[in-house]
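J.: One letter stands for each residue in the lines below.
2 protein chains.
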Amino acid sequence: MAPRFSVFIATSLDGYIAREGGDIDWLQIVHPLDASHGYDEFFASCDALVVGRGTYDTVLGFAEYPYAGKRVFVLTHRPAEPRHGETFVAGTAHDVVARVGDAQRVYVDGGNVIRQFFAANLITDATISIVPIVLGSGIRLFERGEGEHRLQLQDHRAWPSGLVQLRYTVNP
Amino acid sequence: MAPRFSVFIATSLDGYIAREGGDIDWLQIVHPLDASHGYDEFFASCDALVVGRGTYDTVLGFAEYPYAGKRVFVLTHRPAEPRHGETFVAGTAHDVVARVGDAQRVYVDGGNVIRQFFAANLITDATISIVPIVLGSGIRLFERGEGEHRLQLQDHRAWPSGLVQLRYTVNP
Numbered sequence: 001m002a003p004r005f006s007v008f009i010a011t012s013l014d015g016y017i018a019r020e021g022g023d024i025d026w027l028q029i030v031h032p033l034d035a036s037h038g039y040d041e042f043f044a045s046c047d048a049l050v051v052g053r054g055t056y057d058t059v060l061g062f063a064e065y066p067y068a069g070k071r072v073f074v075l076t077h078r079p080a081e082p083r084h085g086e087t088f089v090a091g092t093a094h095d096v097v098a099r100v101g102d103a104q105r106v107y108v109d110g111g112n113v114i115r116q117f118f119a120a121n122l123i124t125d126a127t128i129s130i131v132p133i134v135l136g137s138g139i140r141l142f143e144r145g146e147g148e149h150r151l152q153l154q155d156h157r158a159w160p161s162g163l164v165q166l167r168y169t170v171n172p
Numbered sequence: 001m002a003p004r005f006s007v008f009i010a011t012s013l014d015g016y017i018a019r020e021g022g023d024i025d026w027l028q029i030v031h032p033l034d035a036s037h038g039y040d041e042f043f044a045s046c047d048a049l050v051v052g053r054g055t056y057d058t059v060l061g062f063a064e065y066p067y068a069g070k071r072v073f074v075l076t077h078r079p080a081e082p083r084h085g086e087t088f089v090a091g092t093a094h095d096v097v098a099r100v101g102d103a104q105r106v107y108v109d110g111g112n113v114i115r116q117f118f119a120a121n122l123i124t125d126a127t128i129s130i131v132p133i134v135l136g137s138g139i140r141l142f143e144r145g146e147g148e149h150r151l152q153l154q155d156h157r158a159w160p161s162g163l164v165q166l167r168y169t170v171n172p
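Protein sequences, first through last, are from chains R and L. Heads up: the first sequence begins at 1 in the working numbering, then just goes up one per residue. Heads up: the second sequence begins at 1 in the working numbering, then just goes up one per residue.
Just so you know, these hints were derived from the structure itself, not from any lab. Think of the CB as a built atom: it goes at the ideal place given N, C-alpha and C, for glycine as much as any other residue. Incorrect hints may have been included.
[Claimed, not checked] A partial selection of chain L residues facing chain R, derived with a Cβ cut-off under 10 Å:
no.	residue
1	R53
2	V59
3	I128
4	V131
5	R140
[Unchecked claim] Calculated from the model, a selection of chain L residues having no Cβ within reach of chain R, i.e. all distances over 10 Å:
no.	residue
6	P3
7	R83
8	V100
9	A119
Build the full structure now, drawing on both the sequences and the hints.
T.: Following this line, the structure appears as structure tokens:
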């Protein structure tokens with residue numbers, strides 16, 4: 001069976017995943033007040049991840065490697081040595097697909113990588129959590145170039161903090 | 001009592017209010033399937049509107065003037081003759097506020113006008129309807145420059161078409 005390629009991400013109401021420069025302090029509005037908004041269950045349901053080089057380099061700086069036990073693909077054109085068995089892919093989203101093997105669900109993370117996978121018609125489902133703030137500037141989740149995709153709303157839920165989570169499947 | 005300045009608008013999941021060039025054909029996904037998603041009640045609750053010149057010129061081309069019975073302010077620097085008692089304001093959002101008189105609720109419409117009113121800290125509430133589609137390009141609702149605003153989620157609702165409507169008040 002073809003693996004699922006899944007997005008799980010939080011944005012401000014105006015569509016930013018971080019401030020200019022990368023600061024995500026504003027996520028404290030909703031976290032940890034409402035715990036993980038289903039992230040733990042989502043993460044457990046994924047047996048592989050694909051991330052960009054920026055996310056990967058950030059994660060390497062963490063005290064504990066957060067992707068232990070998952071197959072990790074890093075989309076990057078800059079050479080690197082695997083530290084935890086990662087696979088570096090200097091190619092396209094389709095080159096990742098060719099290498100995911102028997103993975104059942106792949107967590108697609110990071111704005112650039114998400115855009116590439118949408119553009120390649122590979123995203124199967126997306127869970128978008130909308131944080132109750134307008135930032136006015138920042139790094140966008142959707143930066144243009146994702147292509148047009150019809151969605152099916154599967155679920156919607158609000159938390160006491162005002163976070164609203166929308167879960168969609170993407171029409172092929 | 002100070003008037004409310006209210007936003008009521010639909011966007012794609014990626015934050016566009018129209019395609020490049022202005023086409024809104026994709027709104028047919030949800031409309032008229034689910035009727036007006038509360039728009040009629042919202043419109044009835046407003047005794048005044050403020051729109052930009054683009055919206056105004058578009059509306060003048062309609063078979064029937066849709067703002068009959070409302071006080072209408074048009075933010076524009078290009079001179080025009082009122083056709084239906086409109087007030088043309090060649091100034092800022094605050095210049096509109098100075099002229100709304102005893103209006104109770106002002107419908108703030110159009111991307112540029114909404115941005116100016118957010119930037120001036122005048123928006124009191126916003127109802128955003130998210131249409132289940134990713135467009136990949138278009139004219140954004142939030143184009144940067146709105147400033148930072150904390151929101152309070154008041155309500156959320158989904159329709160059978162997959163449209164999700166989020167209603168927020170804006171912290172002053």
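J.: Minimum C-beta separation from A119 (chain L) to chain R exceeding 10 Å: can you confirm that?
T.: violated (8 Å)
J.: Could you check if R140 (chain L) really has its C-beta closer than 10 Å to a C-beta on chain R?
T.: holds (8 Å)
J.: With a cut-off of 10 Å on the beta carbons, see whether I128 (chain L) makes it to chain R.
T.: holds (7 Å)
J.: Per the stated criterion, does the least C-beta distance between P3 (chain L) and chain R lie above 10 Å, as a non-interface residue requires?
T.: holds (20 Å)
J.: Checking hints one by one. Is V59 (chain L) an interface residue toward chain R, by the C-beta closer than 10 Å rule?
T.: violated (26 Å)
J.: Take a quick look at V100 (chain L) and tell me if its Cβ sits farther than 10 Å from every Cβ on chain R, holds or violated.
T.: holds (23 Å)
J.: Identify whether the interface hint at V131 (chain L) stands, where standing means a beta carbon of chain R within less than 10 Å of its own.
T.: holds (9 Å)
J.: Can the hint on R53 (chain L) be confirmed by a CB-to-CB distance to chain R that is less than 10 Å?
T.: violated (23 Å)
J.: Is the Cβ of R83 (chain L) more than 10 Å away from each Cβ in chain R?
T.: holds (34 Å)
The earlier numbered hints that this structure contradicts are 1, 2 and 9.
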